[in-house]
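**Student:** One letter stands for each residue in the lines below.
2 protein chains.
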Amino acid sequence: MTSFHISKLVIIGVGLIGGSFALALRQAGLVKHIVGIGRSPQNMQHALDRGIIDEQTSDFSAALADADFVLLAVPVKQTGRVMQQMKPCLEGHTIISDVGSTKQNVVQAARENLGEHIERFIPAHPVAGTEFNGAQAAFPELFQSKPVILTPLPENDQQAVDAVTAFWQGCGARVSSMQPEQHDQLLAAISHLPHMLAFSLMQHIHTLSQTLGEENPLALLRFAGTSLNDMTRITASSPEMWRDICLENRAALLTQIEAYQQELSALRQMLVNHDGESLQKLFSAARATRQAWTALRDKS
Amino acid sequence: MTSFHISKLVIIGVGLIGGSFALALRQAGLVKHIVGIGRSPQNMQHALDRGIIDEQTSDFSAALADADFVLLAVPVKQTGRVMQQMKPCLEGHTIISDVGSTKQNVVQAARENLGEHIERFIPAHPVAGTEFNGAQAAFPELFQSKPVILTPLPENDQQAVDAVTAFWQGCGARVSSMQPEQHDQLLAAISHLPHMLAFSLMQHIHTLSQTLGEENPLALLRFAGTSLNDMTRITASSPEMWRDICLENRAALLTQIEAYQQELSALRQMLVNHDGESLQKLFSAARATRQAWTALRDKS
Chain A
0 MTSFHISKLV IIGVGLIGGS FALALRQAGL VKHIVGIGRS PQNMQHALDR
50 GIIDEQTSDF SAALADADFV LLAVPVKQTG RVMQQMKPCL EGHTIISDVG
100 STKQNVVQAA RENLGEHIER FIPAHPVAGT EFNGAQAAFP ELFQSKPVIL
150 TPLPENDQQA VDAVTAFWQG CGARVSSMQP EQHDQLLAAI SHLPHMLAFS
200 LMQHIHTLSQ TLGEENPLAL LRFAGTSLND MTRITASSPE MWRDICLENR
250 AALLTQIEAY QQELSALRQM LVNHDGESLQ KLFSAARATR QAWTALRDKS
Chain B
0 MTSFHISKLV IIGVGLIGGS FALALRQAGL VKHIVGIGRS PQNMQHALDR
50 GIIDEQTSDF SAALADADFV LLAVPVKQTG RVMQQMKPCL EGHTIISDVG
100 STKQNVVQAA RENLGEHIER FIPAHPVAGT EFNGAQAAFP ELFQSKPVIL
150 TPLPENDQQA VDAVTAFWQG CGARVSSMQP EQHDQLLAAI SHLPHMLAFS
200 LMQHIHTLSQ TLGEENPLAL LRFAGTSLND MTRITASSPE MWRDICLENR
250 AALLTQIEAY QQELSALRQM LVNHDGESLQ KLFSAARATR QAWTALRDKS
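Each protein sequence line maps, in turn, to chains A and B.
Numbering-wise, numbering that gives the first Met the number 0 puts 29 at position 30 of the first sequence, and it's gapless, one number per residue.
Numbering-wise, numbering that gives the first Met the number 0 puts 268 at position 269 of the second sequence, and it's gapless, one number per residue.
Treat the hints with care, since some could be wrong.
Stated by the list, open to error - In silico DSS-like pairs for lysine-lysine, Cα to Cα no more than 25 Å straight-line:
id, chain 1, residue 1, chain 2, residue 2
1, A, K280, B, K76
2, B, K298, B, K145
3, A, K31, A, K7
4, A, K76, B, K298
5, B, K7, B, K31
6, B, K86, B, K76
What the hints assert, rightly or not - In silico contact screen, one side only, chain A against chain B (beta carbon under 10 Å); selected entries:
id, residue
7, Q44
8, I148
9, Q255
10, L266
11, H273
12, S283
No wet-lab data here; the hints were simulated from the structure.
We treat Cβ as the ideally placed atom computed from N, Cα and C, and that holds for glycine.
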């Protein structure tokens, strides 16, 4: 590998994220040969057919020989197990990264399983996705202008950090760095908490309809307009995936839920106090932030 | 007025709702002459120019003489005052309705101010709107397939209820009836509560960014994806309007916030207990309801 070009890339888990990373690096001319490792033969065939990977194997030793870069793109809870499989086959120069949506648990798995290779394991989280899965859903523009958060470790080799940064930038992403703890709190706040609020809101409508003697919540929902629609759109997401995210980022999510509960209680207290002035001030601040955010996106 | 045709319609407050009602009734051929009453000369001129009304006046006595139907389309908190002005000029056959988004307070204002005319005052709430205001924003299709909730009173004359039902159906709306208390709880649940959750969520992001040493919440928001975007879209709404709605529907909104807090606490407890099974069950139920709701709308 010279000046951040990859001769041999290994993608473990060739789904939406892993497959799109391969396609984006290819499009950017940053990679020569791509090996895929995956559990579903059908998915691996799609990956070969679409030219996402050049070869597929289930042999870690053959795959990792002479590899410059390994991307771990498996569900977070499989991280430790896959690292165990990788470790005896890893070479001393191979850079490793992942795409997990939580980072403290990935870092712990790496420290437990990678030994001295942790020097070249750079944890990363591309904040991008669609509602579709698998190699067939992959496309090279997935990361264009999307954030990728690295959580480099004290053990990390700086050249490896620079290389991972360069590869993600090559995919069109906006790369930034923070501590694993900070990452998990941030994602809990901007993604996991909003999902919990939406799930709870739908549950609330369900309970309310039963209180009103309506077995079917549609009896209430047929009166609902765009506000409830917007606020519950994300409840269509995969229940299994969200169960896993909840358990994987449990501590940070609990912190965020508790802090949110305080904000909602404060608003409730304004209502109890008939405090129209404080309510209006709160609503105005929220609107100003929303407008600034919209303006920021319109610019980019 | 024969078989629900209006010879003379008076619209008090010719904004988005009042103006659209006029345009829809005209398009349906259900009205002959429309008089507008309003405070902004500029808005009234727009209403005349656009053919929404045939004449405008500030003289309640002239306007209400021989009126078949009066639509009160002013902000809810002005309802009592306007009813006081109307009362001495009302004739014995004139049907009156309103468009207020809360109903218990409107009913109270009517009982305090309309005297025996309450027989022909049918409270109503068209659940429709856009983010724009004024006569210029009015359009005849606003109520097409949208719910209109009547909250008829024990004092009401059934023929007046039938007439108001027919007029709204003439505008293309889906008309249903419920108790004023039930209406206010329903609207608190499906509209006012979701707004409070969104405002609190934006406030939470604001507080969190300060906790993390970032003065500007955009430092966090630039990492956010579609979930937070969807969940805060409605925070761009008018702070003054939402302050008023909060205070007008205060009791019902407090009930809904407290019930929601219990749902969120229950979810939080599942996390505390590492109870993945209950979380998945909750998420699955929410998704099933969401999918049933989407299917219902796709059909209609």
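**Student:** All hints, please: hold or fail.
**Tutor:** Against the structure, the hints:
1. Distance restraint check for A/K280 and B/K76: the Cα-Cα separation of roughly 20 Å lies within the 25 Å cut-off, and the hinted pair is therefore satisfied.
2. A threshold of 25 Å between alpha carbons decides the hint, and for B/K298 with B/K145 the separation of about 14 Å falls inside it, so the pair holds.
3. Distance restraint check for A/K31 and A/K7: the Cα-Cα separation of roughly 6 Å lies within the 25 Å cut-off, and the hinted pair is therefore satisfied.
4. Distance check on the hinted pair: A/K76 and B/K298 sit about 40 Å apart at the alpha-carbon level, beyond 25 Å; violated.
5. Note on B/K7 and B/K31: the hinted pairing holds, with a Cα-Cα distance of about 6 Å set against a maximum of 25 Å.
6. Annotation: proposed proximity of B/K86 to B/K76 holds, straight-line Cα distance about 17 Å (limit 25 Å).
7. The beta carbon of A/Q44 is not positioned within 10 Å of any beta carbon in chain B (closest approach about 30 Å), and the interface hint is therefore violated.
8. The closest approach between the C-beta of A/I148 and any C-beta of chain B is roughly 7 Å, which is under the 10 Å cut-off, so the hint is satisfied.
9. Hint on A/Q255 holds. Least Cβ distance to chain B is approximately 8 Å, under the 10 Å limit.
10. Contact between A/L266 and chain B, as hinted, is supported at the beta carbon level, the nearest pair being about 5 Å apart and thus within 10 Å.
11. Satisfaction of the interface hint for A/H273 is found here, the shortest Cβ-Cβ separation to chain B being roughly 7 Å, below the 10 Å cut-off.
12. Hint status for A/S283: holds, given a least beta-carbon distance of 4 Å to chain B, under 10 Å.
In the structure shown, a violation is registered for the earlier hints numbered 4, 7, in ascending order.
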